[in-house]
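Protein chains: 4
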Amino acid sequence: MKLYTIKSEGLAHNSYLLLAGSEGAVIDPRRDCRVYKHLASKNCAKIKYIFETHRNEDYAIGSLELAYSTGARIYHGPGLEFKYGETLMDGQEFNIGELRLKSIHTPSHTDESMCYAITDLGAGKDVALVFTGDTLFAGDVGRTDPYGPKEAPRLAETLYNSIFNRILPLGDGVIACPAHGAGSVCGGAIAEREETTLGLERRQNPAPQKTKEDFVSFKIGEYHERPPYFRKMEEYNLNGPPLLKGLPNPKPLQPKEFTEEISCGGVVVDTRSPPAFGGAYIESSYNIWLEGLPAYAGWVLPYEKPILLVLEYKKDLDKAVPYLIRLGYDAITGYLSGGIDARYNEALPIEHMGLWTAHDLKEKLNGNITVLDVRGGDEWRDGHISGALNIHVGPLEEHIKEIPSDRPVATLCKVGLRASLAASILRWTGFKEVYTVLGSMTAWKNAGYPTVT
Amino acid sequence: MKLYTIKSEGLAHNSYLLLAGSEGAVIDPRRDCRVYKHLASKNCAKIKYIFETHRNEDYAIGSLELAYSTGARIYHGPGLEFKYGETLMDGQEFNIGELRLKSIHTPSHTDESMCYAITDLGAGKDVALVFTGDTLFAGDVGRTDPYGPKEAPRLAETLYNSIFNRILPLGDGVIACPAHGAGSVCGGAIAEREETTLGLERRQNPAPQKTKEDFVSFKIGEYHERPPYFRKMEEYNLNGPPLLKGLPNPKPLQPKEFTEEISCGGVVVDTRSPPAFGGAYIESSYNIWLEGLPAYAGWVLPYEKPILLVLEYKKDLDKAVPYLIRLGYDAITGYLSGGIDARYNEALPIEHMGLWTAHDLKEKLNGNITVLDVRGGDEWRDGHISGALNIHVGPLEEHIKEIPSDRPVATLCKVGLRASLAASILRWTGFKEVYTVLGSMTAWKNAGYPTVT
Amino acid sequence: MKLYTIKSEGLAHNSYLLLAGSEGAVIDPRRDCRVYKHLASKNCAKIKYIFETHRNEDYAIGSLELAYSTGARIYHGPGLEFKYGETLMDGQEFNIGELRLKSIHTPSHTDESMCYAITDLGAGKDVALVFTGDTLFAGDVGRTDPYGPKEAPRLAETLYNSIFNRILPLGDGVIACPAHGAGSVCGGAIAEREETTLGLERRQNPAPQKTKEDFVSFKIGEYHERPPYFRKMEEYNLNGPPLLKGLPNPKPLQPKEFTEEISCGGVVVDTRSPPAFGGAYIESSYNIWLEGLPAYAGWVLPYEKPILLVLEYKKDLDKAVPYLIRLGYDAITGYLSGGIDARYNEALPIEHMGLWTAHDLKEKLNGNITVLDVRGGDEWRDGHISGALNIHVGPLEEHIKEIPSDRPVATLCKVGLRASLAASILRWTGFKEVYTVLGSMTAWKNAGYPTVT
Amino acid sequence: MKLYTIKSEGLAHNSYLLLAGSEGAVIDPRRDCRVYKHLASKNCAKIKYIFETHRNEDYAIGSLELAYSTGARIYHGPGLEFKYGETLMDGQEFNIGELRLKSIHTPSHTDESMCYAITDLGAGKDVALVFTGDTLFAGDVGRTDPYGPKEAPRLAETLYNSIFNRILPLGDGVIACPAHGAGSVCGGAIAEREETTLGLERRQNPAPQKTKEDFVSFKIGEYHERPPYFRKMEEYNLNGPPLLKGLPNPKPLQPKEFTEEISCGGVVVDTRSPPAFGGAYIESSYNIWLEGLPAYAGWVLPYEKPILLVLEYKKDLDKAVPYLIRLGYDAITGYLSGGIDARYNEALPIEHMGLWTAHDLKEKLNGNITVLDVRGGDEWRDGHISGALNIHVGPLEEHIKEIPSDRPVATLCKVGLRASLAASILRWTGFKEVYTVLGSMTAWKNAGYPTVT
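Protein sequences appear in the order of chains A, B, C and D. The first sequence maps to residues 1 to 453 in this note's numbering. The second sequence maps to residues 1 to 453 in this note's numbering. The third sequence maps to residues 1 to 453 in this note's numbering. The fourth sequence maps to residues 1 to 453 in this note's numbering.
Careful: at least some of the hints might be erroneous.
Same chains, same label: a pair holds when it works inside one copy or across any pair of copies.
[Claimed, not checked] Derived pair list, reagent style DSS-like, types lysine-lysine, alpha-carbon separation capped at 25 angstroms:
# : residue 1 : residue 2
1 : Lys-256   : Lys-445
2 : Lys-432   : Lys-245
3 : Lys-46    : Lys-251
4 : Lys-37    : Lys-245
5 : Lys-256   : Lys-414
6 : Lys-46    : Lys-319
7 : Lys-46    : Lys-315
To be clear, the hints were calculated from the coordinates, so they are not data collected in a lab. No experiment lies behind these values; they were computed from the predicted model shown.
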C-alpha cells in the first residue's frame with residue numbers, strides 16, 4: 001500500500017492517491033489532475049476508482065477530468081442528485097489490491113458526506129485508515145453552515161452523531177486522512193500537523209470533548225467566511241464542472257491588445273506584491289498576490305468575465321492558472337506580455353497606490369483619516385487599532401457605502417496583502433486617496449504601537 | 001509540522017526529516033544526505049538535530065556527512081562508546097519549533113536503542129508520533145540476534161519489555177515511524193503498508209499478541225540472514241564512517257584501462273540483467289543486478305578492493321553509486337566506458353553464461369546435473385524442485401565445496417536474479433558448465449511443473 | 001537573429017528555427033515538433049512560416065503537425081502537386097523580423113528543390129546564410145537517384161548547374177546550412193563538421209572540384225542505399241503525413257496481452273543490445289538497437305502492421321517513439337511491461353541467439369559455416385573476411401535464398417549491431433543455427449586476424 | 001567537430017567549447033564553468049586545452065576555475081607577464097581530435113591578443129573557423145583604448161594591420177567566432193546576428209571599409225564607456241582570479257541579521273523592478289535590476305565590501321550569483337530572507353522612491369526641477385528632452401556635485417531601469433526629492449512629446 005497526499009496550496013485541500021499492487025483510487029481529485037496519473041504510472045498502477053467525500057463547495061472537483069483521462073469510475077454519497085458518477089449506499093465495499101475500502105455514510109458537513117475506511121487485509125481485519133472528508137480534521141470538525149442557519153442545528157447534531165457513532169468507534173489506532181489541512185476556509189482551527197489518528201482526535205480535538213448540547217450550540221455559534229464562489233462550486237460539483245482536457249493556455253498580450261481586452265470586459269488581476277503594485281498598476285485592477293489567488297479570487301472575481309493577468313514574471317503563470325481553474329475560473333484570456341513595464345513604456349496610463357509603513361500610519365492617525373481593517377472578525381477581535389473600521393476584504397464591495405468617502409483611507413490586514421487587495425477595490429470604486437499599510441498589523445505590533453481588543 | 005519519509009530503496013530503510021517552523025531534525029540519515037538539506041531549505045528551515053535510533057548494522061549512517069554540511073548536532077542512545085556525536089539519557093527533551101521530542105531508551109534490538117516521541121504542543125500533551133527505530137515495525141519487531149545466540153534471550157526479553165512498558169503505553173492513537181519497511185533484512189515480516197499506529201500494532205502485529213515466554217522463544221527460534229558486511233557497518237557506525245563530502249565520481253575507463261584495473265586487484269560488478277550478462281561478460285565478474293546492489297553487494301564484495309562497474313547505461317551510475325556508498329563501498333574506481341560492447345569490440349576476452357528456461361531445466365532434470373537453489377530457507381521450504389540442493393546465494397562462496405564439481409550446475413532462485421549472481425560466482429570459482437534458470441521458480445511454477453515442500 | 005539547428009539523431013537530419021525580433025520560420029520541421037514552438041516561445045517569438053527545401057524521402061515531414069499548433073503557413077518549391085501548403089516560385093521574398101528570406105529554385109536532388117537565402121538587412125545587402133537542403137552538404141552534394149537511374153544524368157546535370165549557377169555565386173562568405181549532417185543516407189561523405197560556408201565548400205568539397213562531365217559521371221556511378229520506406233515517405237510528403245496532434249502513447253502490455261497482440265499480427269521490435277537479445281528473446285522479433293531505429297526500422301518494418309516493443313528500460317520509449325514516428329510508423333501498440341523478464345517469468349517461450357566473439361569465429365572458420373557479412377558495399381570493399389558472403393542487412397529478406405540453408409550462419413557487420421538484426425531475420429525465416437559475431441569486423445581487426453579487399 | 005557557444009548574458013560575452021573526437025578545448029571560459037565540463041562529458045570528451053584570446057577587462061576569466069576541475073592546460077598570447085598558464089608564440093599548433101588549432105598573434109585591442117585558427121584536417125588544409133577574440137566582431141572591431149588615449153593610435157594601427165594582414169587573408173569562407181555579441185561594452189555596434197564569416201565582415205563590417213588613416217582616426221575618435229571594475233579585471237586576469245571551486249552560497253538573512261550586516265559595512269543591492277523598488281526599499285540600496293547586474297554592478301559596487309541582496313524571488317539568486325562572480329564580486333554575504341516584506345513586517349525603516357510616468361514629467365517640466373538623463377552620450381545625442389542634464393549613470397557618484405541640490409530631480413534613461421539605479425544613488429547621496437520616470441524616454445517618445453537632438 002502506498003498513500004500519496006496531494007495538496008492544493010492556498011485551499012489547504014488534501015486529495016489522496018491510494019495504491020495497492022497494480023490498482024489505485026483517488027479521493028477528491030483536484031481539476032489539474034495529471035499528478036495522480038503520473039504517480040500511479042510511476043508505480044505501475046492504474047487508477048480504477050474515484051471517491052468523493054462530499055459535494056465540495058470550496059473548489060471545483062476534478063473527478064470528470066481524471067475519469068476522462070483514466071477511465072476510472074466516480075462514486076458519491078447518497079442524498080443528492082449528482083449529474084455524473086454513481087451513488088453509493090452506506091457500507092459498500094471495493095477492493096484495491098489487497099486493501100478493502102468500505103463506504104461509511106456520515107451526514108455531517110453535508111447530508112451526503114461519506115467517509116471511506118481502509119482495511120489492509122494482509123495485516124488483519126482492523127480498519128487501518130479512514131478518509132474523513134470534511135467530517136473530521138486534525139484539531140477541528142467540518143462546518144455546519146452550508147445549508148444556511150436554519151439547517152445548522154440539524155447538521156451539527158448529525159455531525160456529532162457521525163463522529164461519535166460512526167468514526168471514532170473505528171478505533172484509536174486508525175489513521176485519519178481529512179480533506180483539509182491548516183488554513184482551509186472549511187475549518188477554523190485545523191492543526192498545522194498533518195499526521196493524525198482517531199485516538200489523537202478523540203483526546204485532543206476540542207470539538208469531541210464537548211457534550212452533544214455544547215457541541216451543537218458551539219457549532220451554531222461559529223462564524224465562517226462564506227465566499228460567494230461557493231455557490232458556483234456547489235452548482236459545478238453537483239452537475240460536474242466543464243471538462244477542460246488539460247490546462248488553459250493564456251495568450252501573451254501586447255499592451256494595446258491588453259487594453260482592448262479590458263475594454264471588451266476583461267477583469268484585470270495583478271498578482272504582484274503590494275509595493276510593486278503600489279509603484280505602478282493599471283486602473284481597475286484587483287491586486288491579489290499570487291499565493292492569495294486560491295483564497296481570495298473567489299471572493300471578488302466574477303464568473304461571467306474573462307480574466308487578464310499582470311504578473312511579476314511570466315513563470316508565475318504556472319501557479320496562477322491552476323489556482324484559478326481550481327475555483328472554476330476557466331476563461332483566462334491572457335497575460336500582459338512584458339509585464340507592467342511594457343505598459344508604461346507604451347505611455348499608457350498608470351496608477352500609483354499610496355503605501356504607508358506602520359510608522360507613517362501612526363503619524364497620520366490623529367488626522368482626518370479612515371483606518372480600514374479588512375481582516376476577519378476573529379483576527380479583529382484579537383487586537384486592532386483603536387478607532388479603526390472593520391470590514392472583511394471578501395465582501396468589501398457590498399459594504400463600500402459604510403466607508404466615509406470624504407477622507408483618505410488606510411487599509412490594514414495582517415501583513416498587508418489583503419490590505420492591498422482592499423485598496424485596489426477602493427480605488428476603482430471611486431476612492432481618491434487610499435493607502436496600503438505595508439506590513440499592516442504585524443508591523444504595527446512589532447513597532448510596539450497600541451492595540452485594543 | 002511536516003514529516004518527510006526518505007527511503008533507501010533495496011535496504012527498505014526509512015529515515016525521517018521532521019520540520020516545524022524554521023527548525024528541523026533528521027532521524028537516522030543516510031550517507032547520500034543532500035535530500036534532507038534540500039527539503040529543509042525548501043521549507044525555509046534549518047536542520048538542528050540528528051537523532052540515531054541505534055547503531056545500525058545494515059547501512060553506514062550519514063550523521064557525520066549531514067552534520068558536516070549543516071552543523072547539526074548528533075545524538076545517540078546510551079551504552080555504547082560512540083566515537084562521534086553526543087550520548088543521550090532516557091527522557092531528554094528537545095524543542096523543534098512547536099514540537100517536543102523526548103528520548104525513550106528502549107533496549108531491544110540493541111542495548112543502546114532509542115525511540116523518540118513527538119508531542120505537538122500546539123494540540124495538547126499527548127504523544128502524536130514516535131520514531132520506533134528497529135524496536136517496532138509495521139507488522140513485525142526488531143531482530144534480537146545482533147550480539148549472537150547467547151545474548152538473544154536477553155535481548156528478546158528487553159525487547160518485549162521495551163515494547164510493552166515503554167512504547168505501547170504511549171497510546172493507541174500514536175503514529176509509529178519505524179526505521180524499516182517491507183523487504184528489509186532487519187525484519188522478516190514487515191508489512192507493505194507504511195502508515196501505522198501503536199493501536200494497529202498492538203492489535204494486529206503478531207509479535208505483541210504472544211506471552212512474554214512465547215515471544216522470547218519465538219524470537220530465539222527465528223532465523224535471519226546476516227550478511228558479512230554487517231560487521232563493517234557496526235564498526236563504521238560506532239566510530240563514524242569516513243567523511244565523503246559528496247558522492248564519489250567513478251571514472252570512465254577504456255577497455256584496456258579497465259583490464260589493467262582488474263589486474264591491479266579491482267573487483268568487477270556487472271549490474272546488467274541475467275540475459276545480457278549471460279550473452280557476454282567479463283571473467284570473474286559478480287553479476288548483481290542494479291536494484292539488487294543494496295541487498296546483495298554486502299554479501300559478496302570485499303571492502304579492501306576497488307570496485308569496477310559494468311553497466312547497461314551510463315545513467316545507471318546514478319543509482320549504483322549511492323547504493324554502494326550506503327554500504328560503505330566508497331572505493332568505486334570507475335566504470336567500463338562504452339559498456340560491454342567496448343570490451344568485445346577490442347577483441348578482449350568475453351565469457352558467456354548458460355541460460356535455461358524453466359522448460360529447458362525440466363527437460364534436463366533427469367540427466368546428470370546439480371540443481372542449485374540459492375534462495376533463503378523460508379522460500380525453499382515454501383516449495384522447491386525435488387532433488388535440488390539449497391545453498392543461500394549470500395554465503396555461497398564458503399559452501400562451494402558442497403557442490404559436486406563434476407557435473408553441470410543449474411542455478412535457481414525466485415526470478416533468476418540471484419541465480420545469475422550465484423552462477424557468476426560458480427564460474428569464477430572454477431565450475432565449467434553453469435546455467436542460470438531464467439525466471440527460476442516463478443517460471444517453473446507458472447509452467448505447472450511439480451514442487452515439493 | 002538567432003539560428004537554432006534541431007537535429008534528428010540517426011537520420012542526421014537538420015531542421016532549423018530562424019528567429020528575428022518577434023518572428024520566426026522553420027526549415028524542414030520534423031514531426032515531433034514541440035521543440036520549435038518551445039524555443040520560439042522562450043524567445044518571445046511566433047513561428048510565421050514553414051519552408052520545405054524539397055519533398056524529403058528519408059523522413060516524414062512535420063510541417064502539418066507544426067502548422068496545426070502554430071498556425072504557420074507552409075511553403076514548397078514548384079513542380080510537384082503537393083496536397084498541402086503553398087507553392088513558391090523562384091525569387092519570392094519574405095520578411096522575418098529584420099531578415100529577408102529569398103527562395104532560390106535549385107533543381108538538383110529533386111526537381112522542386114528550393115534553397116532559401118537570408119540577408120540581414122541590418123548589416124547590408126549581402127546574403128549571410130543559405131539553407132541548402134539536399135543540394136549542398138558539408139563535404140558532399142545531394143543524391144541524384146530519387147527518380148531512378150534513367151533520370152540520374154539529368155538530375156546530376158541540374159544539380160551541377162544549381163550549385164555553380166545559383167548557390168556558389170552567392171559568395172564565399174555565405175554560411176551554408178544543409179538538411180543533413182554526417183551519417184545521413186542522403187549523402188555518402190558528409191563531413192563531421194557542422195559549420196561550413198560556400199567558400200569552404202567551393203574549395204574543399206570534392207564534388208565541385210570536378211568538371212561538369214566528371215561530376216555527372218561520378219554521380220551516375222555513385223551507389224546509395226535506398227531503403228523501401230522511402231516510397232512511403234515520398235507518398236506522405238506529397239500528400240501530407242497523418243496528423244498526430246502529439247506523440248502516440250504506447251500501452252504497457254502484460255506478457256499474455258503481448259502474446260495476444262503478436263497473434264493479432266503485431267510485429268515485435270526488440271531494441272536491446274545484442275548480448276541481451278541473444279540471452280533471451282521472443283520468437284520472430286526484429287532486433288534493432290535503440291539508436292539504430294532511425295536508420296534500420298525503415299528497411300525492415302512493414303507499415304500495415306502494429307508495432308510491439310521490447311525494451312531494456314521503460315524510459316527507452318522516450319527515444320523509440322519519436323524515432324518511429326519520424327519514419328511514419330505511427331501504430332505503436334504497446335511495449336512489454338516488465339521487459340523480457342516478465343515474459344520468461346510467465347514461462348512463455350523464449351529463444352536464444354548464438355553469440356560468438358571474433359575469436360570463436362576464427363576457430364570455427366574452417367568448418368562448414370557460412371560467414372554472412374551484412375555491411376554495405378563500401379564497407380565490404382574496405383576489407384572483409386576471406387570466403388564471406390556479402391548481403392546488406394536492409395534487403396536481406398529478399399535475398400534470403402542466396403544463403404545456404406544447410407549449415408550454420410555467422411553474421412557480421414562493423415560492431416555487431418546490424419549483425420544481430422540480420423541474425424534475428426535469419427532465425428525467423430527458418431535458419432536453425434545462427435550466430436551473431438559480437439564486435440564483428442571491429443573485433444576481428446583488433447584481434448589481428450586477416451582480411452581481404 | 002562540435003562547436004558550442006556559451007554566452008554570458010548581459011556581458012554579451014561568448015566563450016566556446018570545441019570538441020573533436022574525445023578531445024576538447026575551451027576559448028575564454030567564464031568563471032561559472034560547470035557547463036563546459038558537462039557538455040564535454042555528454043560528448044564523451046575531455047577538455048585538454050584552455051585558450052585565452054587576450055587579457056579580458058570586462059569579466060574575470062574562468063581559466064583557473066576550469067583547469068582546477070579538468071586538469072586542462074591554459075595558454076595566453078605573448079607580451080604580458082601572466083602569473084598563471086603558459087605563453088604562446090605566433091604560429092604554435094595543437095591537435096584537438098582531427099582538428100588543427102594554430103595561434104595567430106594579432107596585436108590589436110591589446111598587445112598580447114591572439115586569434116586561433118581551426119583547420120579540419122579531414123576536409124582539407126583550409127582554415128575553417130577562427131576565434132577572433134576582441135579583434136573582429138560581427139559588424140565591428142575591438143576597442144583601442146585599453147592603454148589610454150596615448151596608446152590608442154598605435155593600437156588602432158596594429159589592429160588595422162592584424163585584421164588586414166593576419167585575419168582577412170585567411171579567406172572569405174572562414175567562419176568567424178568573436179568574443180562578444182551585440183550589447184557588449186567591448187564594441188559599440190556589434191550586430192544582432194551571431195553567425196558570420198570573414199567574407200561577410202570584409203564586405204559589410206564598416207571598419208574594414210576604411211583606409212588605414214580613416215580607420216585610425218575613426219578609432220581614436222570613438223568613445224566607449226570604461227567602467228571602473230575594468231581595472232580590477234585587468235589585475236585579476238593578469239594574476240588569475242581567486243579560485244572559487246564552485247559558486248558561492250549566500251545565506252538567508254533574517255531582517256535583523258540583514259540590518260546588522262549593513263551596519264558592518266555590507267552594501268545592499270536590490271534587484272527588483274523600479275515600481276517594486278519605488279514602493280518600498282531599504283535606505284542606501286543600489287537598485288540594479290537583475291538582468292542589469294552584468295553591465296552595471298561593475299560601475300557602482302566596491303570590491304572591498306560584502307554584498308547583501310534584496311530579491312523579488314529567492315530563485316533570482318540563481319542568476320544574481322553568477323552575474324556577480326563573473327565580475328569578481330565573490331563576497332556575497334547573504335540575501336534578505338522573505339524579501340522586502342520581511343523587512344516592513346518587522347517595522348524596520350522603509351523608504352519610497354518617487355515614481356513618475358512620462359505624462360507626470362511633462363506636467364511638472366515647467367516647474368523648478370532638474371531632469372537628469374543618465375543615458376550614454378550616443379543615446380543622448382539621438383534625442384533628449386530639452387533642458388535636461390546628461391550624466392551617465394555609471395560615474396554618477398563622481399559627478400554628483402554637478403546636480404543642483406536645491407530642487408527635485410527626475411531621472412531618465414531609455415526604459416527607466418538605469419533611471420532607478422540613478423535615483424537610488426541620488427537618494428543615498430543626500431537628494432531629498434527624486435523621481436524615477438517609468439518607461440523614461442521610450443514612454444516619452446511613445447506619448448508623442450518633443451525631443452531635441
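Cross-check of the supplied hints:
1. Lys-256 with Lys-445: between (44 angstroms within a copy, 16 angstroms between copies)
2. Lys-432 with Lys-245: Neither way: Lys-432 and Lys-245 sit 44 angstroms apart in one copy and 52 angstroms across, limit 25 angstroms.
3. Lys-46 with Lys-251: Classified as between: cross-chain Cα gap 12 angstroms, same-chain 34 angstroms, threshold 25 angstroms.
4. Lys-37 with Lys-245: both (14 angstroms within a copy, 20 angstroms between copies)
5. Lys-256 with Lys-414: Classified as between: cross-chain Cα gap 20 angstroms, same-chain 36 angstroms, threshold 25 angstroms.
6. Lys-46 with Lys-319: The answer is between: 24 angstroms across copies meets 25 angstroms, while 27 angstroms in one copy does not.
7. Lys-46 with Lys-315: For Lys-46 and Lys-315, only the inter-copy Cα distance (18 angstroms) is at most 25 angstroms; the intra-copy one is 32 angstroms.
Checked against the numbered hints above, the structure violates only hint 2.
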